[in-house]
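Enquirer: The task is simple: from the sequences and hints, build the whole structure.
Chains as they are written, first to last, in the numbering used here: chain A, 1 to 312; chain B, 1 to 312.
Possibly wrong hints are sitting among the right ones.
As the list claims (entries may be wrong) - Rough simulated footprint, nothing fancy, chain B against chain A, three-plus residues with beta-carbon under 8 Å:
#1 144 to 156
#2 194 to 207
Unchecked claim - Label pairs and their computed distance ranges (CB to CB):
#3 Lys129/B <-> Asn139/A: 47 to 57 Å
#4 His211/A <-> Asn205/B: 48 to 58 Å
#5 Gln14/A <-> Asn205/B: 49 to 59 Å
#6 Lys284/A <-> Ala138/B: 35 to 45 Å
#7 Ile61/B <-> Ser113/A: 25 to 35 Å
Simulated from the structure, these hints should not be mistaken for laboratory data.
Ideal placement from N, C-alpha and C gives every residue a C-beta, glycine not left out.
There are 2 protein chains.
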Amino acid sequence: MATLVVHSQTSSAQDAEALQQAFKGWGADDKAIIAILGHRNVHQRQEIRKAYEEIYQEDLIKRLESEISGDFERAMYRWMLQPADRDAVLVNVAIKNGTKDYHVIAEIACVLSAEELLAVRRAYHRRYKCSLEEDVAANTTGNLRQLLVGLVTSYRYEGDEINVKFSQTEANVLHESVKEKKGNSEEVIRILTTRSKTQLVATFNRYRDEHGISISKKLLDQTSDDFHKVLHTAIRCINDHKKYYEKVLRNAVKKFGTDEDGLSRVIVTRAEKDLKDIKELYYKRNSVHLEDEVSKETSGDYKKFLLTLLGK
Amino acid sequence: MATLVVHSQTSSAQDAEALQQAFKGWGADDKAIIAILGHRNVHQRQEIRKAYEEIYQEDLIKRLESEISGDFERAMYRWMLQPADRDAVLVNVAIKNGTKDYHVIAEIACVLSAEELLAVRRAYHRRYKCSLEEDVAANTTGNLRQLLVGLVTSYRYEGDEINVKFSQTEANVLHESVKEKKGNSEEVIRILTTRSKTQLVATFNRYRDEHGISISKKLLDQTSDDFHKVLHTAIRCINDHKKYYEKVLRNAVKKFGTDEDGLSRVIVTRAEKDLKDIKELYYKRNSVHLEDEVSKETSGDYKKFLLTLLGK
Numbered sequence: 001m002a003t004l005v006v007h008s009q010t011s012s013a014q015d016a017e018a019l020q021q022a023f024k025g026w027g028a029d030d031k032a033i034i035a036i037l038g039h040r041n042v043h044q045r046q047e048i049r050k051a052y053e054e055i056y057q058e059d060l061i062k063r064l065e066s067e068i069s070g071d072f073e074r075a076m077y078r079w080m081l082q083p084a085d086r087d088a089v090l091v092n093v094a095i096k097n098g099t100k101d102y103h104v105i106a107e108i109a110c111v112l113s114a115e116e117l118l119a120v121r122r123a124y125h126r127r128y129k130c131s132l133e134e135d136v137a138a139n140t141t142g143n144l145r146q147l148l149v150g151l152v153t154s155y156r157y158e159g160d161e162i163n164v165k166f167s168q169t170e171a172n173v174l175h176e177s178v179k180e181k182k183g184n185s186e187e188v189i190r191i192l193t194t195r196s197k198t199q200l201v202a203t204f205n206r207y208r209d210e211h212g213i214s215i216s217k218k219l220l221d222q223t224s225d226d227f228h229k230v231l232h233t234a235i236r237c238i239n240d241h242k243k244y245y246e247k248v249l250r251n252a253v254k255k256f257g258t259d260e261d262g263l264s265r266v267i268v269t270r271a272e273k274d275l276k277d278i279k280e281l282y283y284k285r286n287s288v289h290l291e292d293e294v295s296k297e298t299s300g301d302y303k304k305f306l307l308t309l310l311g312k
Numbered sequence: 001m002a003t004l005v006v007h008s009q010t011s012s013a014q015d016a017e018a019l020q021q022a023f024k025g026w027g028a029d030d031k032a033i034i035a036i037l038g039h040r041n042v043h044q045r046q047e048i049r050k051a052y053e054e055i056y057q058e059d060l061i062k063r064l065e066s067e068i069s070g071d072f073e074r075a076m077y078r079w080m081l082q083p084a085d086r087d088a089v090l091v092n093v094a095i096k097n098g099t100k101d102y103h104v105i106a107e108i109a110c111v112l113s114a115e116e117l118l119a120v121r122r123a124y125h126r127r128y129k130c131s132l133e134e135d136v137a138a139n140t141t142g143n144l145r146q147l148l149v150g151l152v153t154s155y156r157y158e159g160d161e162i163n164v165k166f167s168q169t170e171a172n173v174l175h176e177s178v179k180e181k182k183g184n185s186e187e188v189i190r191i192l193t194t195r196s197k198t199q200l201v202a203t204f205n206r207y208r209d210e211h212g213i214s215i216s217k218k219l220l221d222q223t224s225d226d227f228h229k230v231l232h233t234a235i236r237c238i239n240d241h242k243k244y245y246e247k248v249l250r251n252a253v254k255k256f257g258t259d260e261d262g263l264s265r266v267i268v269t270r271a272e273k274d275l276k277d278i279k280e281l282y283y284k285r286n287s288v289h290l291e292d293e294v295s296k297e298t299s300g301d302y303k304k305f306l307l308t309l310l311g312k
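Expert: Set out below in structure tokens:
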């Protein structure tokens, strides 16, 4: 379930006018901006952007960027983009910046449905004038490239069928490969990038039944290089993406200095989807409310905005 | 330009009834079947199939399969399917039969537009309850797998932009790899599976300018294994798919015993698209009309059907 609290709206034009009011004078009225945009769903936000453009001949997102700044600006920017567009930006930043955030690419590729991932690839074309896989492939090599390109280009079957024989043989392939890290990465890549999620979950379950430990825990014991880190992220996202997001949030707030990118990414991306479930998982796991942690670790308008999206 | 001559139709229901008439008695009236279905476009054929199902509670394609046989049946079956469905079947047959017709997979992946290829992947899900790349990957290994999976999962950018620097450096990468066959296939795969077709054609042109020979001719000199054969097909299809199809037809009719699969595939697939251009290329190259060759090399209803699709 979502955390976003959607307020009923008179009209997109009225919202656009209220935003224009908030931009007036020295320093924008951030409270007013949050009170409007922090309570509109994805459809409403696109309509407001359209209305703003029509009335003021100016892109609302560009205006917001010039009015607000820092983590608040970055989070608001992602919030205002359409989901496919936002994910295209997240992948592009992950590829092009120096920090090698490959896990963000794996996360998007593995959490989205087949059609949602296609929408991201289409958005990538429009925005960057090349294909998503082109940029991923040009900035990686070896088995990391194979794995990442395979994940972002997948169009997984989404039926419920499970092939028990495959889950057994492929659990063994995964085990052999994870055991000795120099194992057959080619087959691991094939399995992870082409099988349906339902089939993969059956394979992971089989792995745990046979070896008494989940494959993601097993990988964690050994993970060091980028390939194995991406493998780990992909498996976690396919297995249970809410649990995965809970951990991203936990790491983000626990980290010295707070990882604002991770924090914003999960909250902005999931607020309209399943952030309520993720919040509950967070409380179960940490015995503290996510909102309280966010309150403690962030400040100012950025904090207000995140708490608004968290449904506070 | 297309070769298909579309006749105006009173109604799909009337066509369905005429077909039902043609099925009556001992042996179907193949002439009547060709006179109808050989002159209907893809939309009309789907409407006839729907009308037939409604009136007779029977799938027209299944009925056709039981009424006609041999090469005629196979060609008619492909003709009656929607294009994306037909290509899904062609890929599946190419993967699953023993003859390893990998070039058919490369052909479909490289000739179709990004959205058309997606439609084939969707059709594959519906028909085979798994993903296309899943079947391709499970039935191949090594660099052949990487190349084929990369081709079928590509969603190429379709803008006109050309990066001159890339075309230069990547023409060199291709040259180095083709020169010594043990070259860097990883980079060749990256280039062939992710760059836009416009960019690739610029790269191939650059190759020819630098080395005085086209890359596909160069590859042909050396081609022996499946990987290099698929590479050759992919390059030819991206470079000029009409010239490629002309050669498939030429090989099909010149072959001892005639390659009916290749012949039917090209004629059925291109009759509504650009078979007229391919026919003209054929005449230019061979100084003989394709229709005359088809007349000589085939017989019976199969021949009549192909000639009808060829616009005779």
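Enquirer: Taking the hints in turn, state whether each one holds.
Expert: Against the structure, the hints come out as follows:
Closer than 8 Å: that is the beta-carbon criterion, and the stretch 144 to 156 of chain A has 8 residues meeting it against chain B, so the requirement of 3 holds. Check result for the stretch 194 to 207 of chain A against chain B: holds, 3 residues qualifying (beta carbon to beta carbon below 8 Å, three or more required). Under the hint 47 to 57 Å, the C-beta atoms of Lys129/B and Asn139/A, about 35 Å apart, miss the expected range. Checked against the hint of 48 to 58 Å, the pair His211/A and Asn205/B passes, with Cβ atoms roughly 54 Å apart.
The hint said 49 to 59 Å for the Cβ distance between Gln14/A and Asn205/B, and at roughly 56 Å that hint holds. For Lys284/A and Ala138/B, the Cβ-Cβ distance of about 39 Å falls inside the hinted range of 35 to 45 Å, so the restraint holds. The beta-carbon spacing between Ile61/B and Ser113/A, approximately 31 Å, falls within the hinted interval of 25 to 35 Å.
The structure does not agree with numbered hint 3 stated previously, though it agrees with all others.
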